[in-house]
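There are 2 protein chains.
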Amino acid sequence: MTPKIIRTIAVLRKEIAAFRMSDPSNSSVGFVPTMGYLHEGHASLLRRSASDNGLTVLSIFVNPIQFGPGEDLDKYPRNETRDIQVAAEAGADIVFLPEVKEMYPRQRVTNVTVTDVTERLCGASRPGHFDGVATVVTKLFNIVQPNRAYFGMKDAQQIAVISNMVQDLNIPVEIIPCPIVREEDGLALSSRNVYLTSEERKQALVLSRSLSHVADWMQEGITAIELVQRLKAEINGVSLADIDYAEVLTYPDLSPTDTNRPLIKVEKELLIAVAVRFGKTRLIDNRLLNPAEVGAEVCFAK
Amino acid sequence: MTPKIIRTIAVLRKEIAAFRMSDPSNSSVGFVPTMGYLHEGHASLLRRSASDNGLTVLSIFVNPIQFGPGEDLDKYPRNETRDIQVAAEAGADIVFLPEVKEMYPRQRVTNVTVTDVTERLCGASRPGHFDGVATVVTKLFNIVQPNRAYFGMKDAQQIAVISNMVQDLNIPVEIIPCPIVREEDGLALSSRNVYLTSEERKQALVLSRSLSHVADWMQEGITAIELVQRLKAEINGVSLADIDYAEVLTYPDLSPTDTNRPLIKVEKELLIAVAVRFGKTRLIDNRLLNPAEVGAEVCFAK
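Chains as they are written, first to last, in the working numbering: chain A, 1 to 302; chain B, 1001 to 1302.
Hints are computed from structural coordinates only; laboratory data are not their basis. The structure presented is a predicted model; accordingly, all values stated were derived computationally and were not measured. Fair warning: there could be bad hints in the mix.
[To be verified] Listed below are the simulated DSSO-like cross-link pairs for lysine-lysine, each with C-alpha atoms no more than 27 Å apart in a straight line:
no. : chain 1 : residue 1 : chain 2 : residue 2
1   : B       : 1014      : A       : 14
2   : B       : 1014      : A       : 268
3   : A       : 101       : B       : 1268
4   : A       : 202       : A       : 75
5   : A       : 265       : A       : 232
Chain A extracted, bound-state conformation (with noise of 0.2 Å):
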């Protein structure tokens, strides 16, 4: 079924209340907030929506605010006839895609901020860029006010960040993580490989490549530090690569690890995390591992 293109705050508010009173007792509204661009993760979010809410609300916004000086907002792709067929083929319903004339009418005074666990990784890189993110989700919980918002485990950051925003802020909104879906050769699924050259994309393979080692040298009994030395000289080893991050944290509060012990006797999830650059496409892929589940494996092994 074709979805409902709405592009006013105030209709999809309409829309949604309608919903709502409709039936009062099962109406659940599911939100997967994208910039667009739509690929096989998004519509896995979409579908996972689709399945557990009575209306599945797709948004479509390329947020300014999110993107620092130098950075590709003006060429970030876009595809709204694509993506809207996206969207139907995945089960929304709605798809609301606002101008940024719609979302941002005046100078805003109004800032969300997260700290902590901003302080890292994309954080580090990206100065300003979660201020951004948390705003706009902020902006976009408020109009949608979902039950339930689905977001992928490739920006494990973003979901830290959303999932201690709506904590600190009791938002009534539930977060889903929803894990990393990947090309047949291992690329995690972004809008920004398509920027890719053809060698660029091969090489790019590195990521998903050294992340798939992390549980057996985990077993091995490596530090963080360790670790991190190996995922550098593996993602080194291609020519093309310039590392902006390889990092070790525990999730969700991405702090660091003791980094002289064993990281197979951490006692919390670790997130790897790693961004390269390739050319001027900046590229990320994660793992999310429970220690005790790879020593687990070790002692099943043996």
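Here the structure of chain A is known, so what remains is to put chain B in place on it, guided by the hints.
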């Protein structure tokens, strides 16, 4: 009727949801956030809410994050029993009385900040104050999800901050500013008035008295600078007054006016606001004037 006393967010949400389900077509919720020690000003907000809405929620929470170091957090006056009685008489249906641990259960990493309208008046003399206000009001709005929220114009800058925040973050609530309530002798009601000695209480009348001359002075064609001089001279005429600020700003954007132009010719609403310390007690008061209306009175008088 005695209001329901609720101390946890979960129970409050359940209670409000039940009210909304009971009659979805007539389910508007009015909200009056306060720090307690209620006076007739608060009661006037509650009565207005009770007449506008099907359910009126009063919150009483002395919000630690809006107090600076050395401010009166620890000695802020409290009287829960009397507050509940005032709430009952003024028509509150629910009194929400959370502990600090209920509102801030863990180290908070999220802040709502408002720039620009927070730079002058109380924002200048109480750094961080309005971030604390914006953050707690966002939390309370997310918890109560009111249709309308009621604030007294005595805290005119607070209303400007919250109105800007609601607009920027698309919070689905209508902000209703309500008139300042005064004692018969003119003193604006404030929970902090109980701090005053009887001599301070007497001298504190200089706030409302000096503000009562403003319309007359404007008719003489004075500028903002001259108005501030006259206000300060009158306030300094009482021995115990220690002026924090006396300012003239446009409302609701809180920008300075052209200092060389007669105020009577300014084509915007004007907020004339003062803050004065008496001993350890800091009092505020203000007048909101439309120069066009002041001017019209002059023409009419001729």
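Status of the hints after comparison with the structure:
{"no.": "1", "hint": "B/1014 / A/14", "result": "holds, 24 Å"}
{"no.": "2", "hint": "B/1014 / A/268", "result": "violated, 33 Å"}
{"no.": "3", "hint": "A/101 / B/1268", "result": "holds, 25 Å"}
{"no.": "4", "hint": "A/202 / A/75", "result": "holds, 22 Å"}
{"no.": "5", "hint": "A/265 / A/232", "result": "holds, 22 Å"}
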